[in-house]
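Peer 1: So you can see what is in the structure, the chains are spelled out below.
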Amino acid sequence: MTLAVILKQVPDVVEELAIAPSGTDLDRDSVSYVVNEFDEHALEEALLLREATGEDVVVVGVDTTGELDQALYTALAKGAQRAVKLVGDFEGSWLSTRALAGLLAPVIRELSPRLVLTGVQAPDDLDGQLAPTLGALLDWPHTGVVVGTELADGVVRVRKELWGGIMLDLELATPAVLGIQAARATPRYVPVGRVRQAMRESTIEEVEVETPVESAPKLSRLRAPEAAGRAEMLTGSPSDVAERILEILRARGLY
Amino acid sequence: MDSSLRKVQDVWEQDTAIVEGVDISGPWNRMFGQRVIWDYTPELIDEIASLPGAESFAWCYQCGKCVPVCPVDVVGDYGPRKLYRKAQTGISLLDSPDLWLCTTCMNCLRVCPKQVDMVQIMPAAREQALLSGRPLPAELQEALENTARYGNPLGQPPRKREAWVKDAGVPVPILHQIQRPVEWLWWVECYPSYHPRGIDASIALARIFHALGLDFGILGREEKCAGDSQRLAGERGLFEMLAEENIRTLSKYEFHHIVVTDPHALNAFRKQYPKYGGQYDVWHYTTLLARELPRLRPLLTRQLPYRLTFHDPCYLGRHNGEYDAPRQLIEALPGVEFTEMPRCRQNSYCCGGGGGGMWLDSFAAGRQRRRLSEERVLEAVATGADTLVICCPYEVSRFEDAVKSTGHEGRLRVRDIAELLAEAMGLIGEEPAKA
Ligand code: SF4
Ligand code: SF4
Chain S
1 MTLAVILKQV PDVVEELAIA PSGTDLDRDS VSYVVNEFDE HALEEALLLR EATGEDVVVV
61 GVDTTGELDQ ALYTALAKGA QRAVKLVGDF EGSWLSTRAL AGLLAPVIRE LSPRLVLTGV
121 QAPDDLDGQL APTLGALLDW PHTGVVVGTE LADGVVRVRK ELWGGIMLDL ELATPAVLGI
181 QAARATPRYV PVGRVRQAMR ESTIEEVEVE TPVESAPKLS RLRAPEAAGR AEMLTGSPSD
241 VAERILEILR ARGLY
Chain A
1 MDSSLRKVQD VWEQDTAIVE GVDISGPWNR MFGQRVIWDY TPELIDEIAS LPGAESFAWC
61 YQCGKCVPVC PVDVVGDYGP RKLYRKAQTG ISLLDSPDLW LCTTCMNCLR VCPKQVDMVQ
121 IMPAAREQAL LSGRPLPAEL QEALENTARY GNPLGQPPRK REAWVKDAGV PVPILHQIQR
181 PVEWLWWVEC YPSYHPRGID ASIALARIFH ALGLDFGILG REEKCAGDSQ RLAGERGLFE
241 MLAEENIRTL SKYEFHHIVV TDPHALNAFR KQYPKYGGQY DVWHYTTLLA RELPRLRPLL
301 TRQLPYRLTF HDPCYLGRHN GEYDAPRQLI EALPGVEFTE MPRCRQNSYC CGGGGGGMWL
361 DSFAAGRQRR RLSEERVLEA VATGADTLVI CCPYEVSRFE DAVKSTGHEG RLRVRDIAEL
421 LAEAMGLIGE EPAKA
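Quick note, the sequences are listed as chains S and A, same order.
Under the working numbering, the first residue of the first sequence is numbered 1, with each subsequent residue one higher.
Under the working numbering, the first residue of the second sequence is numbered 1, with each subsequent residue one higher.
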């Protein structure tokens with residue numbers, strides 16, 4: 001049996017993002033990509049499950065950036081057994097979460113995994129729609145905001161974070177789709193030598209997919225957030241600043 | 001067997017023995033018999049000594065010379081002898097926090113009669129720990145991931161690497177912009193490019209180079225971390241990747257020599273890059289400026305009323321043999337008083353930043369009475385100095401933090417030699433250039 005992990009690359013915001021002259025896209029020449037942070041946790045959780053149960057881990061991604069290989073090789077170096085890359089004519093488009101789920105669903109069904117793990121959300125999926133949409137398309141149970149998993153006979157027990165620190169333990173029949181909020185351990189380090197070895201020694205399986213025709217709304221303009229101008233810089237000695245902070249908190253009834 | 005020998009438990013005695021007229025019969029000539037040493041296993045020593053580069057771990061004969069000179073032992077419990085002994089008694093170095101505490105300062109190798117070389121042993125053992133999937137301290141993991149992703153351990157954007165130049169106040173040519181050969185390629189390195197106090201020293205140095213009319217240029221955003229400390233922290237693969245990329249970048253440009261701000265970069269270029277095909281004539285900036293002293297001296301016109309002491313960086317001094325250039329520069333500063341710390345030159349103490357220590361600060365601090373940087377600051381204060389002079393970019397942040405944590409704020413300042421020279425030249429004020 002296998003555990004499928006979905007990896008997605010998102011723009012790295014460490015470098016300032018620039019908008020392309022078209023006004024409807026990021027300046028892709030200056031963007032660099034990183035794996036969505038929550039997806040890193042999904043992979044780590046899958047690797048921890050593998051250590052406990054011996055399942056194979058398959059990482060799956062849609063190559064919208066032309067640079068997905070790096071992320072897939074890194075996952076292989078960390079301990080995944082297979083990597084599957086969906087390729088197509090995606091250049092110059094951002095796939096909506098719905099379109100992404102549509103492309104992934106048949107490929108994942110084919111893999112017939114015991115579990116699908118993905119990040120709970122992504123910078124371009126702030127509502128965390130990927131796990132529920134995939135669950136709906138596959139007609140498998142799903143849940144999000146997962147912070148721990150355990151596989152048992154025919155079920156997966158998950159711990160899910162609610163609000164105010166309340167945790168919910170539930171059991172889902174497998175196969176199931178999970179949106180991972182945090183793995184039980186910090187995503188592991190993989191030495192660069194191991195990644196390079198994976199690049200030499202392993203292969204990424206490719207699946208051609210059709211570009212989806214989307215009924216999503218059309219983007220008309222992208223712009224950088226404007227400063228609201230409500231910030232007040234506090235100056236003076238530390239005790240003056242502390243005094244002023246207390247004053248502000250008091251004025252707002254927060255202290 | 002000599003019939004006069006009799007065995008008293010495990011001890012041999014000769015009933016009658018008169019040596020040169022002295023009667024040492026009976027217990028007076030007692031000798032211990034041979035015994036089988038059974039209380040240790042060599043397995044965990046072999047575990048380390050079998051790693052390529054770490055062979056010398058097994059050569060230790062427990063003389064103990066290394067322990068008192070080990071800067072980590074001064075504030076804790078450490079040294080090659082102790083690591084060897086622990087391995088004998090069943091503590092695996094690979095699984096012990098000890099693995100991360102050595103700063104590869106090289107002071108033990110200086111005194112070791114058996115050439116047990118922690119500078120080789122530590123990276124090999126750490127690499128083995130990483131490759132076998134053992135967890136590493138979180139701060140170090142973050143620095144390594146940042147270096148792999150952004151080319152600097154601070155996690156700063158690569159494009160911002162040359163941003164300090166706009167505050168330099170003098171032209172700092174960037175090679176990808178000027179497209180002409182230069183005599184000196186200045187390898188600025190990460191902390192001098194991104195850390196606020198590192199930038200202060202970079203600005204000072206840029207102004208000095210400019211005042212001397214040096215034909216120089218920097219790589220700016222094309223430069224990546226030279227990677228030496230990551231290598232010593234066990235990430236050889238990352239180091240190789242950085243070395244290959246940097247050598248490729250350097251091959252695009254024409255220059256005669258490299259001048260580095262960072263002794264760790266000096267070490268990488270001198271000792272490691274040649275293995276990957278990068279052969280360069282590399283100078284530390286203090287060496288270059290000391291050579292330029294005849295032209296520099298007349299420009300040092302301002303009196304500096306400071307009492308100075310100087311910290312030898314491990315990777316400039318012990319590792320690369322440069323002790324004199326920084327001192328020549330300090331002595332050329334008009335008006336200063338200079339006192340050495342007791343531990344100086346070959347026996348200099350270590351700031352704790354080398355060998356990955358820069359990214360293990362909390363990890364190490366939790367296992368030592370005080371930080372190495374704090375120990376050194378106390379030594380500097382005891383000389384009566386008001387300024388601790390440094391010439392390695394790891395040190396300014398480490399020592400400034402230590403000045404605060406030991407309660408000496410306002411009594412000891414930490415300044416790069418470049419800052420003092422620039423001040424004496426009237427190129428910067430007494431306060432940091434950028435402030
Ligand atoms: S100085 Fe060398 S031989 Fe002596 S105890 Fe230390 S490591 Fe061993
Ligand atoms: S290299 Fe320095 S820190 Fe490491 S064991 Fe030797 S003396 Fe101690």
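Calculated directly from the structure, the hints in this document are not laboratory data.
Keep in mind that the hints are not guaranteed to be accurate.
Pairwise CB distance ranges (calculated) [to be verified]: (1) H210(A) with V87(S): 50 to 56 Å; (2) R248(A) with P217(S): 55 to 61 Å; (3) K404(A) with V241(S): 16 to 22 Å; (4) D27(S) with P334(A): 29 to 35 Å.
Please read all numbers here as calculations on a predicted model, not as lab measurements.
All residues carry an ideal CB built from backbone N, CA and C; glycine is no exception.
Peer 1: Evaluate each hint against the coordinates.
Peer 2: So, going through the hints one by one against the coordinates:
no. : hint                             : result
1   : H210(A) with V87(S): 50 to 56 Å  : holds, 52 Å
2   : R248(A) with P217(S): 55 to 61 Å : violated, 44 Å
3   : K404(A) with V241(S): 16 to 22 Å : holds, 18 Å
4   : D27(S) with P334(A): 29 to 35 Å  : violated, 52 Å
Consistency note: the structure conflicts with the earlier hints numbered 2 and 4.
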